[in-house]
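There are 2 protein chains.
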Amino acid sequence: MTQSIIDIASRFLAQNDKICLICHTSPDGDTVGGAFGLFYALKSLGKNVYVESFDGFPEKFRYLYPDNVEKFEPDHYATVDVADVGLLGNCQKNLSFSLCIDHHEKNSIEARYKCVDSGAAATCEIIYSIVRHLGVKISKQIANCLYTGIATDTGCFRFSNTTPQTHKIAAELIEAGAKSCEINFRLFEQKTRERLKLESLVLKNLEYYFEYRCAMVFVTKDMMRQAGADEADFDGIASIARSCAGVLIGITAREVENCQYKVSVRSNQGASALNVCKFFGGGGHKMAAGFKISGDMQAVKEKILQRVYEEIIH
Amino acid sequence: MTQSIIDIASRFLAQNDKICLICHTSPDGDTVGGAFGLFYALKSLGKNVYVESFDGFPEKFRYLYPDNVEKFEPDHYATVDVADVGLLGNCQKNLSFSLCIDHHEKNSIEARYKCVDSGAAATCEIIYSIVRHLGVKISKQIANCLYTGIATDTGCFRFSNTTPQTHKIAAELIEAGAKSCEINFRLFEQKTRERLKLESLVLKNLEYYFEYRCAMVFVTKDMMRQAGADEADFDGIASIARSCAGVLIGITAREVENCQYKVSVRSNQGASALNVCKFFGGGGHKMAAGFKISGDMQAVKEKILQRVYEEIIH
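Chains D and X, in that order, are what the protein sequence lines are. So the first sequence is numbered by my numbering: it starts at 1 and just counts up by one. So the second sequence is numbered by my numbering: it starts at 1 and just counts up by one.
Hints listed in this document are in silico derivations from the structure and should not be mistaken for laboratory results. Take these hints with a grain of salt, some might be off.
Any copy, or any two copies together, can satisfy a pair, since identical chains are not distinguished.
To be verified - Simulated crosslink set (DSSO-like; lysine-lysine; CA at most 27 Å straight-line):
no., residue 1, residue 2
1, Lys-137, Lys-43
2, Lys-286, Lys-140
3, Lys-286, Lys-60
4, Lys-262, Lys-43
5, Lys-301, Lys-191
6, Lys-191, Lys-204
7, Lys-93, Lys-18
8, Lys-114, Lys-179
9, Lys-262, Lys-191
10, Lys-47, Lys-114
Kindly produce the complete structure, drawing on both the sequences and the hints.
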């Protein structure tokens, strides 16, 4: 990590007060953990600080944030893990930002000071460096916050963004008292009844094509209703189709409106999800991409399968 | 880790040759990864060494072991991750062991030198220290082996046995070239079609009791047949029942013979799986225990639920 961006961010935070930290919409563990990790660190320095989240704070991160924090008219706004103004609430888009802390490859936030490092697996890795640079002792609370962000964004050290540095920071955070085991249970094992019901339906409806090299499932509005599942319950469902051994391309088509589908494609072993999605006007990464498509379910299925076949054969 | 046991094991290995490393039966990633990690390290020192596994080497660890290794009449036998002679093949039980490397809390192997550290999350952590002590550079092969063992035994850094030291070693292994992302995909994401089908049936048959504080599923022989699932596919299924948010006790009863059930109990939030299992003559750990029970399914179900109710109420 470029030490100079850590210097700049730390100096700004050390020299200023009355700071509002802003999370992105649909807040995840990295934005919430990062913002509150920094919140507790700045509090320990006697600063006035609070965290703002347009979409509130999810109940699953209840262990990270305090009950009541007094808000005030801030002198400075700082974004945490926000790649783009599109990820801010409407009332936040036109604020003037003093600091932007983020790890996304493309960050388009306009801020006086930018502390962006796309080599970091999580924004919480960057905030760990800032907190250390500020000379703040990592408390148990801070450790829980930062560990949560790192575990969230690396899928518990499974994804390719995990570096030796990620593990070294995790070691420090556990030493500082992060309850890693409990956090991981909450983040990765515990599921709602509705989610389990949805998984059951998805697994039941999984279809295989091309000698089991493609797995495909259509998640209809009726299935979501049957499971009683909501948006949060659907999160991560797209990884199921690819998880079957031998599958090169996994397709999860979710019915968003009648005859309108949001399709998530995941690939494996050199096959390109991105190629498939580009054909339909979508985008993403090589192994995880998506697109939208309209039409009768059977027709949509055939169109997708035809394109998948070409990707698998070539 | 007591440095002296590492000293002793390293000195023994440095001073001797013609060594046979022995894995435990039903080999997992820690015994296979540990044995081959040490195998490659000793090979690099010019030693004659081979690995023996009574149950062979699972295909899922194909990336860890070489195609053909010449066997010979060894001067020494060393066990890797074997807690007890019960975990050896019949022809291996009466061998005289020179060295025993293990991390299980109760290790009853009789060996000239014992290198046992129950504070290590995996035997591969101990072998990492030995390999370093031997002055061997951690090659990519060794790194893949040792990372596999550590990821296996910590559930990818999720379980409570994960220490700061575990993460520090993981950092070193990734630096040395361990393909952590690929390994984790194989170990934790990829599943057989039969396993996915079995999960689908388990989720479909999950029943809730006592205001959703108990989840219970009976996995019948018929369900196993329907899924085409085998022993390996069943591994880890017992964690599904506990995974539902709010569930204190998760019960998975597997029909092993007609009217005979092997019951796995998992608990959460202070409830004791062990208490439930002890009542039926079983044992285990507080949050993961088991017992065997015979009888008509409905009668067995009622007996278990009665005991679970008492555990939840108190």
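Status of each hint after checking the structure:
1. Lys-137 with Lys-43: Within one copy, since 12 Å is at most 27 Å while 45 Å is not.
2. Lys-286 with Lys-140: between (38 Å within a copy, 25 Å between copies)
3. Lys-286 with Lys-60: between (30 Å within a copy, 25 Å between copies)
4. Lys-262 with Lys-43: This pair counts as neither: shortest intra-copy Cα distance 43 Å, inter-copy 53 Å.
5. Lys-301 with Lys-191: between (29 Å within a copy, 24 Å between copies)
6. Lys-191 with Lys-204: both (18 Å within a copy, 15 Å between copies)
7. Lys-93 with Lys-18: For Lys-93 and Lys-18, only the intra-copy Cα distance (20 Å) is at most 27 Å; the inter-copy one is 70 Å.
8. Lys-114 with Lys-179: Close neither inside one copy (31 Å) nor across copies (32 Å); limit 27 Å.
9. Lys-262 with Lys-191: both (23 Å within a copy, 25 Å between copies)
10. Lys-47 with Lys-114: within (21 Å within a copy, 55 Å between copies)
Of the numbered hints listed earlier, those contradicted by the structure are 4 and 8.
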